[in-house]
Structure formats: structure tokens, C-alpha cells
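*Asks:* Sequences are here, hints too, so could you generate the full structure?
Listed below are the residues making up each chain.
Protein chains: 2
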Amino acid sequence: MLMKYRLYTPGPTSVPEATLLELAKPVHHHRTGEFRTMFAEIQSALQYVYQTKQTVYTITGSGTAAAEAGIVNSLAPGQKALCITNGKFAERWAKVCSQFGIEHKDLKLEYGVAATGEMVAKEFAAAKYDAVILVHSETSTATVSDLESICKAVRASSSPEALVIVDGITSIGAIPFKMDEWGVDVAITGSQKALMLPPGLAFVAFSPRAWKAVEANKNLREFYLDMKAYAKSIADGDTPYTPANTLIEALGVSLKMIKEETIEGVWKRTSTIAEAFRQGMLGMGLKLFSQRPADSVSAVYYPEGISDKDFRGTLKKTHNIHIAGGQGTMEGKIFRVNHMGYTDAYDCLAAVASIEFTLKKLGYNVQIGSGVAAAQKVLAKLF
Amino acid sequence: MLMKYRLYTPGPTSVPEATLLELAKPVHHHRTGEFRTMFAEIQSALQYVYQTKQTVYTITGSGTAAAEAGIVNSLAPGQKALCITNGKFAERWAKVCSQFGIEHKDLKLEYGVAATGEMVAKEFAAAKYDAVILVHSETSTATVSDLESICKAVRASSSPEALVIVDGITSIGAIPFKMDEWGVDVAITGSQKALMLPPGLAFVAFSPRAWKAVEANKNLREFYLDMKAYAKSIADGDTPYTPANTLIEALGVSLKMIKEETIEGVWKRTSTIAEAFRQGMLGMGLKLFSQRPADSVSAVYYPEGISDKDFRGTLKKTHNIHIAGGQGTMEGKIFRVNHMGYTDAYDCLAAVASIEFTLKKLGYNVQIGSGVAAAQKVLAKLF
Numbered sequence: 001m002l003m004k005y006r007l008y009t010p011g012p013t014s015v016p017e018a019t020l021l022e023l024a025k026p027v028h029h030h031r032t033g034e035f036r037t038m039f040a041e042i043q044s045a046l047q048y049v050y051q052t053k054q055t056v057y058t059i060t061g062s063g064t065a066a067a068e069a070g071i072v073n074s075l076a077p078g079q080k081a082l083c084i085t086n087g088k089f090a091e092r093w094a095k096v097c098s099q100f101g102i103e104h105k106d107l108k109l110e111y112g113v114a115a116t117g118e119m120v121a122k123e124f125a126a127a128k129y130d131a132v133i134l135v136h137s138e139t140s141t142a143t144v145s146d147l148e149s150i151c152k153a154v155r156a157s158s159s160p161e162a163l164v165i166v167d168g169i170t171s172i173g174a175i176p177f178k179m180d181e182w183g184v185d186v187a188i189t190g191s192q193k194a195l196m197l198p199p200g201l202a203f204v205a206f207s208p209r210a211w212k213a214v215e216a217n218k219n220l221r222e223f224y225l226d227m228k229a230y231a232k233s234i235a236d237g238d239t240p241y242t243p244a245n246t247l248i249e250a251l252g253v254s255l256k257m258i259k260e261e262t263i264e265g266v267w268k269r270t271s272t273i274a275e276a277f278r279q280g281m282l283g284m285g286l287k288l289f290s291q292r293p294a295d296s297v298s299a300v301y302y303p304e305g306i307s308d309k310d311f312r313g314t315l316k317k318t319h320n321i322h323i324a325g326g327q328g329t330m331e332g333k334i335f336r337v338n339h340m341g342y343t344d345a346y347d348c349l350a351a352v353a354s355i356e357f358t359l360k361k362l363g364y365n366v367q368i369g370s371g372v373a374a375a376q377k378v379l380a381k382l383f
Numbered sequence: 001m002l003m004k005y006r007l008y009t010p011g012p013t014s015v016p017e018a019t020l021l022e023l024a025k026p027v028h029h030h031r032t033g034e035f036r037t038m039f040a041e042i043q044s045a046l047q048y049v050y051q052t053k054q055t056v057y058t059i060t061g062s063g064t065a066a067a068e069a070g071i072v073n074s075l076a077p078g079q080k081a082l083c084i085t086n087g088k089f090a091e092r093w094a095k096v097c098s099q100f101g102i103e104h105k106d107l108k109l110e111y112g113v114a115a116t117g118e119m120v121a122k123e124f125a126a127a128k129y130d131a132v133i134l135v136h137s138e139t140s141t142a143t144v145s146d147l148e149s150i151c152k153a154v155r156a157s158s159s160p161e162a163l164v165i166v167d168g169i170t171s172i173g174a175i176p177f178k179m180d181e182w183g184v185d186v187a188i189t190g191s192q193k194a195l196m197l198p199p200g201l202a203f204v205a206f207s208p209r210a211w212k213a214v215e216a217n218k219n220l221r222e223f224y225l226d227m228k229a230y231a232k233s234i235a236d237g238d239t240p241y242t243p244a245n246t247l248i249e250a251l252g253v254s255l256k257m258i259k260e261e262t263i264e265g266v267w268k269r270t271s272t273i274a275e276a277f278r279q280g281m282l283g284m285g286l287k288l289f290s291q292r293p294a295d296s297v298s299a300v301y302y303p304e305g306i307s308d309k310d311f312r313g314t315l316k317k318t319h320n321i322h323i324a325g326g327q328g329t330m331e332g333k334i335f336r337v338n339h340m341g342y343t344d345a346y347d348c349l350a351a352v353a354s355i356e357f358t359l360k361k362l363g364y365n366v367q368i369g370s371g372v373a374a375a376q377k378v379l380a381k382l383f
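As you go down the protein sequences, you meet chains A and B in turn. Using our numbering, the letters of the first sequence map in sequence onto residues 1 to 383. Using our numbering, the letters of the second sequence map in sequence onto residues 1 to 383.
These are calculated hints, taken from the structure and not from any lab test. Please note that a few of the clues may not be correct.
Identical copies look the same in the list; a pair holds intra-copy or inter-copy alike.
[Said to hold, decoys possible] Within a straight-line C-alpha distance of at most 27 angstroms, the following computed DSS-like cross-link-like pairs (lysine-lysine) qualify:
1) 268 with 218
2) 218 with 88
3) 80 with 317
4) 80 with 218
5) 268 with 287
6) 105 with 218
7) 53 with 228
8) 361 with 212
*Replies:* See the structure below:
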């Protein structure tokens, strides 16, 4: 039976058809006036998505490349960061610090727990830090930390100039993120999440305070990720090394869609779909994993007796739907569904309905329609 | 008037239609059995192109990322490399050494001059080195160094275990390159040259000798480009960080074309087209730049009175053909035309003919057809 392919993993996420078609166009060279004009437009659209007046640098690489670039350029070996580790990606950034000789205290939170301003205030009262590094929306736990209050806590602390370094990989372009207004210093994201593009590009922006730190960092051991080279090139509307230019051109198509919907429109759609999905899960008697659920991705506990392998296997095989499982210690315990990017109300309904069908098939006692009805009630807000 | 777009720059190069269409397919997730199977096939095809039994690691990034990965993972700070600097890219790898505390002597050759085994033997007789770093085919000067004889010279020297680190960005998959047979230790390439893909992926392979050096390099300051993480992941058929998976899937299409043509077939086609192009240039009275021309790209002196701006501007505007100018000190003095990758005999003829038309238009005394006839005589070998 015909079943369309639906990608509901929290990255890569599905990409608009118009963007995909752009990728099928013949390759052009990137050292041209046309490319520079297009790159400047993309720059301005990225600033809009980041809500910043600062330059957003485009790196050809994974999100990890941009995170390394953000952390290692702005913090010198021997400086000290508070790493809030409440998930797999947060733990990775602590490892980056270790690898580059950046001292760090890890504030370990249980998976699913969000970081708050109070927690950071307490840590900053007990010790001096040059930076706090956190993940705004932890993809691995579907948990959103209170970034705005964390920025305030840092500014009100005895280290008010400490850098707030934020992995916004599953927040920027999905949920409210206001780099300049909140005072975020280093903001990182990737192409394959809310920006509606395949993987391959990553982005990082620096506040004037963070850029001063970059310039002061004299013994930087980076070449490909030396951000001063990117700054020099962008002054000419360029990148220092051959960029993934077809992905950049396609990014232009996706960013135009975001601008047309407006960033506030994107945030509202995403949060409504996320709320509908959560109500759908609760409506069929399931339990959410996160103590402060993110709107970009949801994590749901498996009910007893349902195995990850059977559940996701059936979704894939019978429904042609790909959702994510748990990572690390949560493997087999939760499943995760994306709400970011190219996702509309009916994608949400299909997700909820397919989960109902699959759980029923696997013997879980669910009344078909209970989740969908709860979700639909929320989705009504959109129309 | 309808004029098809033709991209004749030495990277990005033009990409087969079938590969472009692959890029327009819906995005899938990369942590699946299907992806692993496909990635394993690509691995084996890359080994075929590299002519090696070693793993070829796929990095999401520019060629510069793979070059940094190759150099910095296999050479520790304080070790000493002989950098053969005979072009813009060779000079960049010397800068990478500086940035990471790798000592280096730069053997500066005039642009357009190739490195030979004798030169390296002389340097290795005068001092001890841990490695020689060279560009096999310098894109900026269209010059090919004698890699095979350089490998022999190193092995016959008093530092026979020194690493031969090779930027094969415009050689691997275009001209004969035999990693294992010649004893190359670190071999680097990028996606947007002979591999017939847009920019965004880069590749690096290590000989057992080089991999021993990677494992012995205990104080590595890399995270995204730490190759030990790639080795660990590839054991599971995976990459350590989200790869540009749509580019990888499209790479499969291009590599299949190379396998079908055979690598020897690709080398023969490329070298015949390059020879035809060179004869075409000589046939209309032009002079080649390089003292040892590469077959992947040709560089040609402008005749007196012809400006780069007018020449390449006319080609672009009237003929919809994009060729490259000179870089650095050669800006305005030469133009460069690609022969790598998705280039056939009639692309070569169009290149020669369009150069004839353009030079004539700009007042250069050329007999229309003189270049094309000379080129065609060589191309006859192909049929």
C-alpha cells in the first residue's frame, strides 16, 4: 500500500520541496558577484532568525564544528567555564573544553531537568567563571532550559562579563531565541533542524563582548575553525575556504519561507504543534519524559511492555514513518518526535494517529482517536 | 540567444544530472541500516579511487578541513616537516603547520615549477624530517609534481619512515594516484573536483605508518577533526557527528559512474582531454603557464593586450561559460580551465572554440578553427 515517507526525527528534519529542487540545479562557482549578493541576503535573514545585529558565520561542517568554533575561539586554555550537562550534547561540549585545555566545572543535572537562572546564580556566587556553556534545547532529552533567566543571572553575578555560550542547534528558528535582547554571547546552530536544510552547514555568531575575547585569544590552535579568518573573508562577502555553496543557495530558499511566515509565526506554529502533540500523548495515556518540555522535539516514555524495536520498527515498516529513539542511558525507554522546521498541523496529526495505531497493534490498551482528538483540539488554535 | 551554462572552473566542477537529482530526493536519517550499507559501498568505491586498502574517512567540511585533519593528526607540535611550497594551496598547508606548532622548512619553488624526487632527496640528505607535505596537483598553477619519485626519494633517504602527506584535491580521481603502491602516507581530497559532487565533503586516508603516528600523537588539540573519533565510528559504519548525508548519498551516484568507467578509463579520458586542450591553446598561438602541466586543470598566459576582465567577462556574458583567472601574484596574467570530473570531449571542444571566439572579438589575431583543429586531432584518440 502506498504510504508516503515521513521523517519525524529531530534532525535531520524534512526539507521543503522547493529547497530540494534548488539542490538539483547545476552547480555554480562561489567566487562571483551573484554568490556574494545571495550570501549577503542570507546573512541578513540569518540575523533575523538569530534576532541579532551581529554577523552570523556560515561554516561548512556539522553542528559540532560550529560548537567547537564558538567555544574554542572565545575561551583560551586555562580559562574556566561552567558547563551545564543535562544531556548528550551538553556533555559533548564539556569534552570539547577538556580537549582544548579549557577548565570546566560540570553542573550535572538529571536528564530531562532544565537549567534555570537560580542554578547558575548559585554557581556563579560560589566561584568565578569566564563563561557558562549550555544547550538551550537538549535534543537528547527534549528539554528546554530557561536561557533568558540564565543570561540575567550571569549579568547580575560577580562575573557579569562572563560569556553565555549557547548551543541553539534545536532552538534557533524553532522557539523564541533573542540573541541581542537576552544578551547571549555565542550562539550556535546547524542547518538540518529548524532551518529546513539537509546537514552540512553550521552557524555561529558572537556578541561584541565575545568577539573581544576571540581577538584577545592569541594562542588559538585552530585553522579551519579560526573565526578570525571567517571575519576577514566575510568583509569581502566571502568564506575563507570553499563552502558547500549549493547548500548555501538552498538555504536561501528555506530562509525566505521563514521570513514570509515571520519568525514569530514560526515560533507560534512550532509551539502549537508541540502542545498538540503532547496533549495527544497524554490523551492516549502516555507520559512525557521531560520536566520542562521543549517545543522543538518531544520525548515520550514507552508504556510497559512496548519495546523500542517493535514500536519504531512497525512505524517504519507499516507507516513509513521515521521517529527517533532514546540516546545513551535512555535507549529503549523513550521515543522522540520532531516539531521543528518543515512541519505542519497535519504532520502532527499523522504522528499522533500513527502512534495510536502502532501501540494498539502491539497490544497497548489505547482507544483509537483519543490522542488525535486531544491533539486536534489544540491545533484548532492555528485556524 | 540560448547558451547553456558551462562551469569550467577547477572546482567546483560540474556535477552529473543523476547526482543532482539524487540531491533533490527527500532527506532520510543517517543512523539507519540503509545508510550504513550505502556508506560501506561508498567506502569501498573511495578505496578504489584512492587505490588503497586503507579506510578513507569522510569529513563534512571543505578540503582545508581534511588537510588540517591529515597534517595535525599525524604530526605533533615540535615535529618537523618539509613543506614544498609551489602554489597557493601548498602555502596554506605551511600555515597550518605554523598554527599548530609543527616546525617546517619551506622549500619555495617558483609558481609553475614541479617538485621532484631529486629535490626532496637533497633536502632529506641535508636535514632530518618527520614528513614531507606537498600538493600533488597544484590547482593554482596547474602544475603536477612527481609524487611517485618523491615517495621513492623519502624511502631511500636517511629518514625512510618520514610521512609523505599529499594534498590530492585535484589529483585523486583525475590523474594516476596509487596510494598503496607508491607508499603515500596521508592522502587528502575534496568532493567538488574529480569526484563530481558539490562542495561540502572532504576525505582523508592514512597508511598504517601514518596511523601509528596518529595514535602516538597524545596531545592532539582537535575535537571535530580528531580522526580517532572517526575511526571509532567507522567501525560501526558511521560518522561521529551528523554528516552531510544527502551529499554522501549523491556521492554514491557519482562514484558508481567512476567505477563503471574504471579509474584507468577516467585517467585516460582526463589526460586526453587535457592534452587536446593544451594543443588547442598552442594551436592558436598561446603559451602554457606550467613547466609540468597537470592534466586536471590547464593554465594559459593571456596574450599581450588581453585583459582578464574583458576575456572572462565576455566568456561569461556571451558564451555563458565560467572559467577561472589566476590567483595571488598570477591574477590577470593567466586563465585556468578544468578537465576533471564530469567533462567530456565536446566540453573540451567548446572550451577551445569559445576561447577562439572571445580572443578574436577582443582583437587578438587568431584564425578561427586553428585551436579547435589541433584539439580535435588529439581527441580522435578517444574514439
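*Asks:* Enumerate the violated hints, using their earlier numbering and listing them in ascending order.
*Replies:* 1, 3 and 8
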